[in-house]
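K.L.:
Produce the entire structure from the sequences given, and follow the hints as far as they go.
Given next are the chains, with one letter for each unit.
Number of protein chains: 2
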Amino acid sequence: MIEQSLYSTVIADDLKTFTASVFKAIGCNITDAELAADVLIKADMRGIDSHGVARLTGYVRLYENKRINTQPNIRIVREKGSVFTVDGDSGLGLVVAPKTMQIAIDKTDIHGAGFGAVCNSNHFGIAAYHAMMALEKNYIGMAMTNASPLVAPTYSKERMLGTNPICYAIPAKKYPPFILDMATSAAANGKLEIAERQNKPVPEGWLETKNGNVTNDPKDLKDGGHLLPLGSDKDHGSHKGYGLGALVDILSGVLPGANFGPWVPPFVAFLPVLENLPGKGLGHFVGAMDVSGFDDVDVFLDRMDLWIDRFKSATPVNDQQKVLIHGEPEYWTEISRQIKGIPIIDKVSADLITLAEKYKIEHPF
Amino acid sequence: MIEQSLYSTVIADDLKTFTASVFKAIGCNITDAELAADVLIKADMRGIDSHGVARLTGYVRLYENKRINTQPNIRIVREKGSVFTVDGDSGLGLVVAPKTMQIAIDKTDIHGAGFGAVCNSNHFGIAAYHAMMALEKNYIGMAMTNASPLVAPTYSKERMLGTNPICYAIPAKKYPPFILDMATSAAANGKLEIAERQNKPVPEGWLETKNGNVTNDPKDLKDGGHLLPLGSDKDHGSHKGYGLGALVDILSGVLPGANFGPWVPPFVAFLPVLENLPGKGLGHFVGAMDVSGFDDVDVFLDRMDLWIDRFKSATPVNDQQKVLIHGEPEYWTEISRQIKGIPIIDKVSADLITLAEKYKIEHPF
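Each protein sequence line maps, in turn, to chains A and B.
So that you can map any letter, position 60 of the first sequence is 41 in our numbering, and since no number is skipped, the others follow by simple counting.
So that you can map any letter, position 116 of the second sequence is 97 in our numbering, and since no number is skipped, the others follow by simple counting.
Any given hint could be a false lead.
You can't tell identical chains apart in this list, so a pair holds if it fits in one copy or across any two.
[Stated by the list, open to error] Here are the simulated DSS-like cross-link-like pairs (lysine-lysine), alpha carbons at most 27 angstroms apart as the crow flies: (1) K215 - K303; (2) K293 - K154; (3) K155 - K261; (4) K203 - K303; (5) K80 - K339; (6) K80 - K118; (7) K215 - K191; (8) K181 - K203; (9) K293 - K215; (10) K154 - K118; (11) K191 - K172; (12) K215 - K203; (13) K118 - K61; (14) K200 - K215; (15) K172 - K261; (16) K181 - K200; (17) K341 - K303; (18) K293 - K191; (19) K261 - K154; (20) K293 - K203; (21) K61 - K80; (22) K172 - K215.
Hint data in this document are derived by calculation from the structure and do not stem from the laboratory.
Computed from a predicted structure; not experimentally measured.
P.N.:
As structure tokens, this is what we get:
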């Protein structure tokens, strides 16, 4: 979503070339640089602007603070048949996660399913990129990650969980795939940042003050407040959102030996990493399942189309707004931006121009 | 939760013997009858009274309406390594689901993971029973099921999804296991039924009228209204609850060839089953993963204890209410009811006495 009219439009391939050049400049080999750039640009293509090139300077700052190893030895440290753990060697999550997903897909070829937990990684961009890798083979893909703490559990005012997203990607035939990619908090942090910049109140149920009181003011988050889990309050099921965030934290963090809960290292480089951490870096959990292990693929894809047909035609409350299928709006955004280019707000392009000058890289802005 | 003081207390083993006798009376063999009884009584033991013996007469009515086959040929109809589909042959979900979970566990022994989708089944009781079967081997277990439609997607006023629960069971060492077992609706149907019997309003955000309007009146559900997904409204993330319910419907229904969406057959026997159904019965999705495929089991269990320790000590909003860990309240209820017996409200025991007389079975009430 573009909140301001002050933006320029950049062709996707040019943005990707520039982004890969930045990753090469900080030490990635060409393959890794292009992979990391592909993950970031995919977010911009799909309209998830908060997770695209807007974060490139953030990754570079992590590198400059020696928190990212741009030449990691990413390796399986444990496995049994279809399941395994990868140590990301402090690599970019943008590289570690898709490489782990590729291993999961390879295991799915053999075992019908593959699930990999990852420790010693960093932020991996949009979960959908990794889950969607499974779609090329008509597999079902999934991806989740823990993240630095912003969300307080039900009954608590302490930041204990990240916005810990869950993504599932499921193929269809005549329709775009079903892509559920959701933070387990009531609202994503990016939505609060937009409201804060615009000096607008947010709905009750998105965040609380540092004392655990109700607030509409997005600034209360930076003043020591916390986000609320999906469900917002106990009456509306916040214990479920807390439970989903906890599940992501356990599978991504506790299972592979990454950090978890309040110990997950921050994405922003200016915040200190805590001492005496219980694990290594942050963690992900990704996997795939082969549809052909359950039924004929073609028969399944027809059923998915029927499922989507039926849900698209569910009786709307208001005829102007039909029921949406998860992943479809992002699919159409991607097609549009492939043709029209990617809008980049001036604040982001200014940051990227500074970065380009620092690393002596040509830029498309 | 006991809403009324009018109840009697029954010893768990007596309740289980009685329940198994009922299942035997309608044609189950001894093994299946005892398994089905174990699933139902486990719900009562854990305090999920809505899913225990209170539903026994419902299952019998389904049998009497020829919608349950008490001598099913439950079999794998498709498999590839760790994944498979089971046809439940219209058997009791209380039997089909744990038998499928046992196959998933056996596959986990070999492949590190096992995931089974099920078609042609019926309601399977509490999801936690099946997921928790994995804990005996220190595996991670999961279970989900679709259910007859009550929930409208975001932007719709049509019942399209069941309350479609998701359960994960994860072992710990000194603490009870982490058990997340949640409906993907804002509130479970049982909570509305209690409010309706007590003639009390419910919070906004649990349900809407048949026209898609906000309401506090639980009676609006029976008047053609619908439950809301977790998140309640778009501002608070109802598209996420809708997405989770959809995910459960796709994995449990679309994947194995069961019915899905509005076609899922109703649990209550007096409602007609629709014609021209796209699938067989209703569906489940269950699975397990071997922790030892990710790390040393003992090391993982210690980390789970640390995770639980840290979350239990998260700063509370109010010192009188500490942060809860999913599954712990139910664990303590189970220990208490093992000692003190299970409270059965008079309305339920009256129904069960009628059932006992009809089938000439001794009863403990």
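K.L.:
Is it within, between, both or neither when you check K261 against K154 at 27 angstroms Cα-Cα?
P.N.:
between (41 angstroms within a copy, 22 angstroms between copies)
K.L.:
Within, between, both or neither: how does the pair K80, K339 come out at a Cα-Cα threshold of 27 angstroms?
P.N.:
Close neither inside one copy (29 angstroms) nor across copies (62 angstroms); limit 27 angstroms.
K.L.:
If the cut is 27 angstroms between Cα atoms, do K215 and K191 qualify within a copy, between copies, both or neither?
P.N.:
Close inside one copy (18 angstroms) and across copies (25 angstroms); limit 27 angstroms.
K.L.:
For the identical chains here, do K155 and K261 meet the 27 angstroms Cα criterion within one copy, between copies, both, or neither?
P.N.:
For K155 and K261, only the inter-copy Cα distance (24 angstroms) is at most 27 angstroms; the intra-copy one is 43 angstroms.
K.L.:
From the Cα coordinates, with 27 angstroms as the cut-off, is the pair K203 and K303 best called within, between, both, or neither?
P.N.:
Between. Shortest inter-copy distance 25 angstroms satisfies the 27 angstroms Cα cut-off; intra-copy 37 angstroms does not.
K.L.:
Give the relationship of K80 and K118 under a CA distance limit of 27 angstroms: within one copy only, between copies only, both, or neither.
P.N.:
within (16 angstroms within a copy, 30 angstroms between copies)
K.L.:
Evaluate K61 and K80 at a C-alpha cut-off of 27 angstroms and name the case that applies: within, between, both or neither.
P.N.:
both (18 angstroms within a copy, 24 angstroms between copies)
K.L.:
Between the shortest in-copy and the shortest cross-copy C-alpha distance, which are at most 27 angstroms for K191 and K172: within, between, both, or neither?
P.N.:
For K191 and K172, the Cα distance is within 27 angstroms only inside one copy (19 angstroms; across copies 31 angstroms).
K.L.:
Cα distance capped at 27 angstroms. Does K181 pair with K203 within a copy, between copies, both, or neither?
P.N.:
within (15 angstroms within a copy, 39 angstroms between copies)
K.L.:
Using 27 angstroms as the alpha-carbon threshold, which applies to K293 and K215: within, between, both, or neither?
P.N.:
between (31 angstroms within a copy, 17 angstroms between copies)
K.L.:
How would you classify K293 and K203 at a CA-CA limit of 27 angstroms: within, between, both, or neither?
P.N.:
between (40 angstroms within a copy, 25 angstroms between copies)
K.L.:
At most 27 angstroms between C-alpha atoms: does K172 with K261 qualify within a copy, between copies, both, or neither?
P.N.:
neither (30 angstroms within a copy, 42 angstroms between copies)
Of the numbered hints given earlier, the model fails hints 5, 15 and 17; all others are met.
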